[in-house]
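There are 4 protein chains.
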Amino acid sequence: MSVAPLTKSRLEAFSDGVIAIIITIMVLELKTPEGFDLAALMSLTHIFLLYVLSFVYVGIYWNNHHHLMHAVGRITGGVLWANLHLLFWLSLVPFTTRWMGESHLATLPVAVYGVSLLMPAIAYYILVRTLIAANGRDSAIAHVIGKDVKGVVSALIYALGIGLTFLSVWAGIACYVIVALVWLVPDRRIEHS
Amino acid sequence: MSVAPLTKSRLEAFSDGVIAIIITIMVLELKTPEGFDLAALMSLTHIFLLYVLSFVYVGIYWNNHHHLMHAVGRITGGVLWANLHLLFWLSLVPFTTRWMGESHLATLPVAVYGVSLLMPAIAYYILVRTLIAANGRDSAIAHVIGKDVKGVVSALIYALGIGLTFLSVWAGIACYVIVALVWLVPDRRIEHS
Amino acid sequence: MSVAPLTKSRLEAFSDGVIAIIITIMVLELKTPEGFDLAALMSLTHIFLLYVLSFVYVGIYWNNHHHLMHAVGRITGGVLWANLHLLFWLSLVPFTTRWMGESHLATLPVAVYGVSLLMPAIAYYILVRTLIAANGRDSAIAHVIGKDVKGVVSALIYALGIGLTFLSVWAGIACYVIVALVWLVPDRRIEHS
Amino acid sequence: MSVAPLTKSRLEAFSDGVIAIIITIMVLELKTPEGFDLAALMSLTHIFLLYVLSFVYVGIYWNNHHHLMHAVGRITGGVLWANLHLLFWLSLVPFTTRWMGESHLATLPVAVYGVSLLMPAIAYYILVRTLIAANGRDSAIAHVIGKDVKGVVSALIYALGIGLTFLSVWAGIACYVIVALVWLVPDRRIEHS
Numbered sequence: 006m007s008v009a010p011l012t013k014s015r016l017e018a019f020s021d022g023v024i025a026i027i028i029t030i031m032v033l034e035l036k037t038p039e040g041f042d043l044a045a046l047m048s049l050t051h052i053f054l055l056y057v058l059s060f061v062y063v064g065i066y067w068n069n070h071h072h073l074m075h076a077v078g079r080i081t082g083g084v085l086w087a088n089l090h091l092l093f094w095l096s097l098v099p100f101t102t103r104w105m106g107e108s109h110l111a112t113l114p115v116a117v118y119g120v121s122l123l124m125p126a127i128a129y130y131i132l133v134r135t136l137i138a139a140n141g142r143d144s145a146i147a148h149v150i151g152k153d154v155k156g157v158v159s160a161l162i163y164a165l166g167i168g169l170t171f172l173s174v175w176a177g178i179a180c181y182v183i184v185a186l187v188w189l190v191p192d193r194r195i196e197h198s
Numbered sequence: 006m007s008v009a010p011l012t013k014s015r016l017e018a019f020s021d022g023v024i025a026i027i028i029t030i031m032v033l034e035l036k037t038p039e040g041f042d043l044a045a046l047m048s049l050t051h052i053f054l055l056y057v058l059s060f061v062y063v064g065i066y067w068n069n070h071h072h073l074m075h076a077v078g079r080i081t082g083g084v085l086w087a088n089l090h091l092l093f094w095l096s097l098v099p100f101t102t103r104w105m106g107e108s109h110l111a112t113l114p115v116a117v118y119g120v121s122l123l124m125p126a127i128a129y130y131i132l133v134r135t136l137i138a139a140n141g142r143d144s145a146i147a148h149v150i151g152k153d154v155k156g157v158v159s160a161l162i163y164a165l166g167i168g169l170t171f172l173s174v175w176a177g178i179a180c181y182v183i184v185a186l187v188w189l190v191p192d193r194r195i196e197h198s
Numbered sequence: 006m007s008v009a010p011l012t013k014s015r016l017e018a019f020s021d022g023v024i025a026i027i028i029t030i031m032v033l034e035l036k037t038p039e040g041f042d043l044a045a046l047m048s049l050t051h052i053f054l055l056y057v058l059s060f061v062y063v064g065i066y067w068n069n070h071h072h073l074m075h076a077v078g079r080i081t082g083g084v085l086w087a088n089l090h091l092l093f094w095l096s097l098v099p100f101t102t103r104w105m106g107e108s109h110l111a112t113l114p115v116a117v118y119g120v121s122l123l124m125p126a127i128a129y130y131i132l133v134r135t136l137i138a139a140n141g142r143d144s145a146i147a148h149v150i151g152k153d154v155k156g157v158v159s160a161l162i163y164a165l166g167i168g169l170t171f172l173s174v175w176a177g178i179a180c181y182v183i184v185a186l187v188w189l190v191p192d193r194r195i196e197h198s
Numbered sequence: 006m007s008v009a010p011l012t013k014s015r016l017e018a019f020s021d022g023v024i025a026i027i028i029t030i031m032v033l034e035l036k037t038p039e040g041f042d043l044a045a046l047m048s049l050t051h052i053f054l055l056y057v058l059s060f061v062y063v064g065i066y067w068n069n070h071h072h073l074m075h076a077v078g079r080i081t082g083g084v085l086w087a088n089l090h091l092l093f094w095l096s097l098v099p100f101t102t103r104w105m106g107e108s109h110l111a112t113l114p115v116a117v118y119g120v121s122l123l124m125p126a127i128a129y130y131i132l133v134r135t136l137i138a139a140n141g142r143d144s145a146i147a148h149v150i151g152k153d154v155k156g157v158v159s160a161l162i163y164a165l166g167i168g169l170t171f172l173s174v175w176a177g178i179a180c181y182v183i184v185a186l187v188w189l190v191p192d193r194r195i196e197h198s
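Protein chains in written order, with my numbering: chain V, 6 to 198; chain H, 6 to 198; chain Z, 6 to 198; chain X, 6 to 198.
It should be emphasised that the hints constitute simulated quantities derived from the structure, not laboratory data.
Positions of the beta carbon are idealized from the N, C-alpha and C atoms, including for glycine.
Possibly wrong hints are sitting among the right ones.
Some chain H residues near chain V, calculated using beta-carbon distances under 8 angstroms [what the hints assert, rightly or not]:
id: 1; residue: T12
id: 2; residue: G22
id: 3; residue: V23
id: 4; residue: I27
id: 5; residue: P99
id: 6; residue: R103
id: 7; residue: W104
id: 8; residue: I137
id: 9; residue: A138
id: 10; residue: A139
id: 11; residue: N140
id: 12; residue: R142
Incomplete in silico selection of chain H near chain X, CB under 8 angstroms [as the list claims (entries may be wrong)]:
id: 13; residue: D21
id: 14; residue: A44
id: 15; residue: L46
id: 16; residue: S48
id: 17; residue: F60
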């Protein structure tokens with residue numbers, strides 16, 4: 006148990022590294038416009054907004070991951086894998102962002118983007134459960150996370166957004182933006198502990 | 006409060022990761038010249054100088070971020086977001102550098118480069134204010150930063166440079182270089198505390 | 006000896022950085038499909054599965070590296086180089102993954118992928134031996150690693166897989182997957198110490 | 006003075022991040038061969054050897070940086086910039102490696118590669134001098150580094166190699182390889198302190 010802080014710090018360091026790369030890679034994929042005038046710059050508008058959205062989205066995960074790990078005591082082999090599972094799905098966000106941008110918001114790419122937002126939400130939920138299992142139902146983490154209503158509701162709104170995309174792309178995107186706004190507020194349940 | 010150093014160290018680690026990637030990504034975007042003779046190498050000169058400028062620029066932010074965090078005690082959820090906001094604008098520097106280089110210093114790309122320098126300056130100012138708000142007006146950070154005249158003046162020179170670009174590209178670039186030189190001197194107000 | 010933790014933590018931090026980049030670079034190389042319909046998405050299936058396999062594979066090395074370093078006391082110059090040697094071979098995995106994907110599982114690229122899995126296994130073995138040599142035959146690391154049967158068997162299965170590829174590509178891939186599954190279970194010899 | 010370890014650890018973390026990216030970026034630039042047979046694979050041989058050389062080269066700098074910082078007590082603003090200066094020149098190694106590879110070892114690119122090896126050597130020398138100036142002529146770092154004959158001799162051999170390249174490309178490359186071999190042995194002056 007005395008070695009736990011070291012293990013935790015390395016888990017955090019690795020997660021920080023992967024998330025830092027994911028969040029920075031996305032700008033690498035911003036292609037410069039063909040021309041050098043205002044029309045060329047304006048042609049980037051929707052790509053830029055998608056970049057902002059994905060940046061915020063990955064930033065939210067970093068913030069929540071930060072708050073979550075802050076409350077954690079014990080790390081197990083299962084936690085390492087649950088964390089890698091979360092990082093795996095996050096690593097796909099630059100790819101789905103790029104495809105959605107290239108498609109100029111075609112139906113399937115927008116739905117797939119939604120899936121790439123839903124899967125980290127599920128993976129985050131699994132990570133929280135794994136952490137509670139590792140630390141016990143009476144631990145600080147179990148106490149402050151509680152039932153994680155916010156996480157479950159987010160996943161449901163993502164699923165709704167994916168479905169709505171097939172009716173209207175903008176309805177889907179509206180759902181994604183709503184969840185981002187909900188999470189922009191840091192998880193005060195943990196911060197106040 | 007006793008956990009603050011951990012939170013702060015993770016904020017620093019994540020920022021270090023993102024800034025390290027931003028500063029290194031730019032060289033990835035240096036395209037090798039078409040030929041292998043001196044003329045081919047010389048054709049890279051202005052691109053190389055832009056790379057040096059942006060490297061110095063991002064390096065300045067790392068140095069100042071380093072000095073700033075050194076004086077900080079308390080981190081809040083608002084600080085995390087103010088910091089991500091700064092990283093967001095910094096992450097656009099490789100993109101604007103590339104576009105400016107591709108345009109061979111056309112007016113709009115040089116002005117947009119100036120905007121990509123101005124926005125981190127504003128974001129840095131917001132971060133400083135958020136840190137002072139979190140640590141109190143009597144804290145070490147409030148004391149050593151003071152009115153941050155240097156930051157405000159820098160932002161004004163950037164704004165001037167953006168405007169001047171539309172008269173003369175070189176006047177705009179001169180403004181950008183002047184601010185870089187001003188910041189190359191580390192913020193002794195913090196270092197000496 | 007009292008400075009060892011610092012040296013070790015920097016070795017871990019550097020390894021975390023390199024492995025984080027390797028694992029994240031692979032998704033950068035996922036090319037978006039030509040179209041935006043289901044057929045286009047489906048055309049990515051085998052590339053996606055290869056990405057999952059390589060992600061898991063690099064993740065396994067991170068996990069095992071994490072467990073291994075946890076049990077280590079003393080770091081020498083030889084350990085630094087043995088560790089860089091491991092990172093070198095891991096850094097080739099994104100390249101061999103990409104070539105295998107581009108070839109639609111042609112014989113030679115699948116065999117070369119196997120080589121890029123075998124070499125880190127050998128490098129990991131060398132790292133373990135170097136660590137035991139640095140820490141002494143009576144050290145914790147020597148005790149918990151023991152004869153490292155799992156590592157030797159893995160290398161043998163990889164070598165078998167490389168050979169089988171020339172008979173059947175799928176037989177080779179089956180071998181690679183088997184080793185991945187074997188290592189997915191964290192090395193309990195170290196975890197339980 | 007009591008805060009020095011923190012400053013130093015952040016300097017190390019940032020340097021680790023940049024060097025980890027530089028060393029890993031190079032493999033991103035390994036282009037997969039056109040075909041999927043042995044001839045295609047063999048066509049990569051000289052590119053692969055250049056990659057190995059540059060990997061070893063950047064690895065040497067990480068190792069020496071690691072040993073150097075280990076002996077350091079005090080960090081100043083000047084040290085931060087001397088360190089960024091070293092990282093700047095190292096960041097160009099992937100670029101010069103790529104150009105040299107594309108040129109199939111043409112004279113000028115091989116000479117420029119030599120320059121990209123010489124400049125970090127000079128920058129490393131400046132970093133050592135800056136560290137000694139910051140820590141005093143009686144400090145541990147001044148004592149263990151001494152006159153840094155190895156660094157000076159390396160720079161001279163690089164300069165020789167750059168010149169020889171214009172007579173024979175292979176003579177230049179031989180000089181670069183010799184310096185790499187010299188540095189492969191970790192700096193025992195520091196390690197033994």
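Given a cut of 8 angstroms on the nearest C-beta pair, is the interface hint for I137/H held or broken against chain V?
Status violated, d = 19 angstroms.
Interface hint status, S48/H versus chain X (Cβ within 8 angstroms):
With a minimum Cβ separation of about 12 angstroms from chain X (threshold 8 angstroms), the hint on S48/H is violated.
Quick check on the hint: D21/H CB to chain X CB, less than 8 angstroms?
Since the shortest Cβ distance to chain X is 5 angstroms, the answer is holds.
Does the interface hint hold: is F60/H within less than 8 angstroms of chain X, judged Cβ to Cβ?
Result: holds, 6 angstroms to nearest chain X Cβ.
Measuring from the C-beta of A138/H to each C-beta in chain V, is the shortest one below 8 angstroms?
15 angstroms, violated
Would the hint on P99/H be counted as holding, given a Cβ-Cβ threshold of 8 angstroms to chain V?
7 angstroms, holds
Given A44/H as an interface hint, is its Cβ closer than 8 angstroms to any Cβ of chain X?
Nearest chain X Cβ about 10 angstroms off; hint violated.
Minimum beta-carbon distance criterion (8 angstroms), I27/H to chain V
Since chain V brings a Cβ to about 6 angstroms from I27/H, closer than 8 angstroms, the hint holds.
Hint check, W104/H versus chain V [nearest Cβ-Cβ separation less than 8 angstroms]:
4 angstroms, holds
Interface hint for R142/H, Cβ within 8 angstroms of any Cβ on chain V
Given a least distance of 22 angstroms, the restraint on R142/H is violated.
May I ask you to test the interface hint for N140/H with respect to chain V, counting a Cβ-Cβ separation under 8 angstroms as satisfied?
Given a least distance of 16 angstroms, the restraint on N140/H is violated.
Hint check, G22/H versus chain V [nearest Cβ-Cβ separation less than 8 angstroms]
Holds - the Cβ of G22/H comes within 8 angstroms of chain V, reaching about 3 angstroms at its closest.
In the structure shown, a violation is registered for the earlier hints numbered 8, 9, 10, 11, 12, 14 and 16, in ascending order.
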